[in-house]
Amino acid sequence: MRALLFDTTRCVGCGSCMVACRESNGLPETDAPDLTENQFTVLKTVPGNDGDVTYRRLCMHCQDPTCASVCPVGALKKTPNGPVVYEPEICLGCRYCIQACPFGVPRYEWSSLAPRVRKCTFCADRLAAGKINACAEACPTGATQAGEREELLKEARARLAAEPEKYVQKIYGEHDAGGTSVLMLSSVPFTQLGLPDNLPAEPLPLLTFRVLSKIPTLAGAGSCVLAGLWWLTNRKAEVAKAEGRAPRKGERR
Amino acid sequence: MTRVRAIFWRVVALAILSAGAYSTWVRFTQGLGASTNLSDEYPWGLWIGFDILCGVGLAAGGFAITSAVYILHLEKLRPLVRPTVLTAFLGYLLVICGLLFDLGRPWNIWRAVVWWNPRSVMFEVAWCVMLYTTVLALEFSPVLFERLRWERALKVVKIIVVPLVGLGFILSTLHQSSLGSLYLILPTKLHPLWYSPLLPVLFWISAVAAGLAMVIFESGMSARAFGRALEFHLLQGVAKVMVLFLGLFLMVRLFDLGARGVLGTAFTGSYEMAMFWVETALLAVPMVLAAFRKIRANPQALFACSVMAVGGFLVNRLNVAVTGLEASAGGRYVPSWMEVSITLSLVVVGLAAFRYAAQYLPVFHSLKSEEVKEELPTQVYAQP
Ligand code: SF4
Ligand code: SF4
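Protein chains in written order, with this note's numbering: chain A, -17 to 235; chain B, 23 to 406.
Since the hints were made in silico from the structure, they are not lab data.
Keep in mind that the hints are not guaranteed to be accurate.
One side only, chain B facing chain A, incomplete, derived with CB under 10 Å [what the hints assert, rightly or not]: (1) S89; (2) G126; (3) R127; (4) N139; (5) P140; (6) R141; (7) S142; (8) A175; (9) K177; (10) V187; (11) F191.
In silico lysine-lysine, DSBU-like type, Cα no more than 30 Å apart, as pairs [as the list claims (entries may be wrong)]: (12) B/K98 / B/K177; (13) A/K218 / B/K211; (14) B/K262 / A/K223; (15) A/K26 / A/K152; (16) A/K223 / B/K211; (17) A/K223 / B/K98; (18) A/K59 / A/K148; (19) B/K211 / A/K60; (20) B/K98 / A/K26; (21) A/K218 / A/K26; (22) B/K177 / A/K152.
Below, a sample of chain A positions facing chain B; criterion: calculated Cβ distance under 8 Å [unchecked claim]: (23) I80; (24) P97; (25) G176; (26) N180; (27) L194; (28) S205.
Even for Gly, the Cβ is constructed at its ideal location relative to N, Cα and C.
Next up, chain B with everything else stripped away, as it sits in the complex:
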């Protein structure tokens, strides 16, 4: 049974990757027009809305968990550090890959380092993402160094890890919120349900919530896929903080809509209204459910909560990036199958990379270097 399932998923992955390969070829030999449904009305589509906005947000677990452990000394969360840092690192690498597809002149990407426009939010995001990816690489490096027994390098990273984590926190806060600030320049274009001067704040809060939901989600997935997961009581703790941030997000959102006097638009029967409620429900339901100890204590239920919260986050970002702009742009934007296949391919590559890293590197547990053997101990952790 499990064999059949494994083969099934492998076939699916292969199908996605072949479609993605074809689309990549079209993208780079015939251009954006031939491969995407982007237009002068919809200059940004799925790749910005999903690959960039969602990719970066879902990786927010990285800075949240490392800060909790290294800055707040919440030692018991230490087992979460490596898997979340790995997710974040892979996430950011994929974001950069996605960007190379989306940019019309990707060979000019390095110019953002040399040609400065500090008035541009995009410029700030570019710098933060660049620096934070470096920080993540360094934060993840001990895993590699342990495997390679590079004692000296390990020691160096150990010395700088606290300031490094602090820097990671600041860079993340800046660019997670700045992804929201990108849309501050569209006061007349973005629908009032989403345009708000608080966009940067809302983006930051929801990213933390989604990043934590991802920690739970991933642990559940790894348990299913290769029997490795995190201790369940830790995930319950993470869930509590997730509930807190989901609640904070919904509160600020409600307050903001009220203060701007557009709460009424949430009941107008429009397409935007429907999408607004999908988003809000997907974030509110897991918040309410996971607030109960009984539900948190049930692995299946907690997993479902994390799925909903991640889903709600995705809908929120796509609402800002697509839904909220449709009324002013006119018409609808639906991504082409090629855009979708490239996005899915990036997801598949990310999952596969995580799987192999978790299998061959000491990700779910740290090794003392003497213990490194060819076969890592196949410790089975508590199944969520």
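Next up, chain A with everything else stripped away, as it sits in the complex:
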């Protein structure tokens, strides 16, 4: 499975990734400060220990993506080699994916009459053609690196061990929300990068799946109970009738 590794300590904030992303996806120029329907990745800065820290926002391409699990028609899908891709043709526009994404990533084309959900595609088309992600290819410092997820995890662990004072000792995305295909290393706490620190290590879709998987049992048991109640109350009324007494209050006549 393919992945991206982003390291704030190597990012110089040149913006090459943003430009490459825009060109690769044919998006118009914009100076919006955050992700928008036409900006799939964005550079932001927060104050760090020595100087500003620049970081990237983009879809994390979760291993078990919440957005894909909530979509009623399966318009969002995790592909085996990493990208979480979207198919506008079957999308209903219920926007459950936008509501559910724990990273607040997907955007919507609010002014369109045939609105699409918009987010980073992980360059699925480039990957299919055997190329690497446009942003990683454009990055001059190796702050954004593309590779196999296992390899990148190894690399990240090596960096954490080699320069422990430089990093927060965590690879974001290794386990968060069940793990992601975009991994992050940072010199400042991840919450400052807008990445929640309270996500469970198990994928969020399990939260709803646990309930949904009870449905067949519930429906089966429910039918039996209902049938039983029907039979019982029916019988009570019949017995009452056979004994020749008037049915009591609430019984069947």
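Given chain A, work out where chain B with the ligands should sit, using these hints.
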């Protein structure tokens, strides 16, 4: 006096409908952005929170009453069946209408039938709502068949009615609770006063309570509007069960908040706390009041209780759908006037449809087919 009042309400309804018509035009010619205050931070607003969550919940009286009569053989409740089934049926039709406004690509709605994602709660809700609306149509059909004297069709429905009601119960239980499950996927976004693993259970219980409150509320309204209502002693019985379910809801809620250790957040002086108490008070007060026989026996008081319980239910759903998400989304969501006008228009259409159905179809009483006349007997029922 009554004439003046009738004219007043007609003018109000007309004003709402014209505003709604304009908003509809904007919605479908300029999109969601121009007509709503929805945003990437608030992808769901009034239409999901009110039209869908509340609409479906308030229609829960339909499955509760039909099950009591057909499954539990509580024959005395039979007069309640038709009005509640009618409410539920109209309610679900309006929910589907509301959905067509809210969906960004409404023309794709049929795809949920073909493209399956059984892991999605939304998928399950869609299927249940679709099937249950069909069940409701069949449950309501005898009213039409009686009017049209379709004896054969009447007989067929009579044969399948018990399994049909059972199916309705199961489908309703599933999707009423699943509307709560929709929010289970937001553990880090929804405020701890509302996020709970018990959301599906809480949604089911409160829907039954609200559905029953609606039975009382509606009967009071129909009495005012066109002098037709249900026998009052039946409503008192319904009120008792409503009290039971309100109590159950509050108990589970208290237990749940305690077990998750967030009871403290209910006393922090936050905006969420205030909304939590509005919700809780609106549900607790009618529970306490309607628990007294004396108060239940007073039509005005009982009506007021039903209004409060419905109000509390609405606040609960909007708290889950909007209030509870505001802290994590940042800022506030206030619906645009266009969103409000479309929601109100749907309510007006629903009320009007109920009124005309009740006037021209044997809803408040069943007719033997020989008795069908052009003018239905204008029997006046006990006024609540
Ligand atoms: S970050 Fe959000 S949009 Fe991206 S794959 Fe994960 S859940 Fe989906
Ligand atoms: S908006 Fe589209 S992609 Fe997102 S959950 Fe709904 S149907 Fe799926």
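Going through the hints against the structure:
no., hint, in the structure
1, S89, "holds, 8 Å"
2, G126, "holds, 2 Å"
3, R127, "holds, 4 Å"
4, N139, "holds, 4 Å"
5, P140, "holds, 7 Å"
6, R141, "holds, 5 Å"
7, S142, "holds, 5 Å"
8, A175, "violated, 24 Å"
9, K177, "violated, 20 Å"
10, V187, "holds, 9 Å"
11, F191, "holds, 6 Å"
12, B/K98 / B/K177, "holds, 22 Å"
13, A/K218 / B/K211, "violated, 51 Å"
14, B/K262 / A/K223, "holds, 28 Å"
15, A/K26 / A/K152, "holds, 20 Å"
16, A/K223 / B/K211, "violated, 58 Å"
17, A/K223 / B/K98, "holds, 17 Å"
18, A/K59 / A/K148, "violated, 36 Å"
19, B/K211 / A/K60, "holds, 23 Å"
20, B/K98 / A/K26, "violated, 68 Å"
21, A/K218 / A/K26, "violated, 72 Å"
22, B/K177 / A/K152, "violated, 69 Å"
23, I80, "holds, 4 Å"
24, P97, "holds, 4 Å"
25, G176, "violated, 11 Å"
26, N180, "holds, 5 Å"
27, L194, "holds, 6 Å"
28, S205, "holds, 6 Å"
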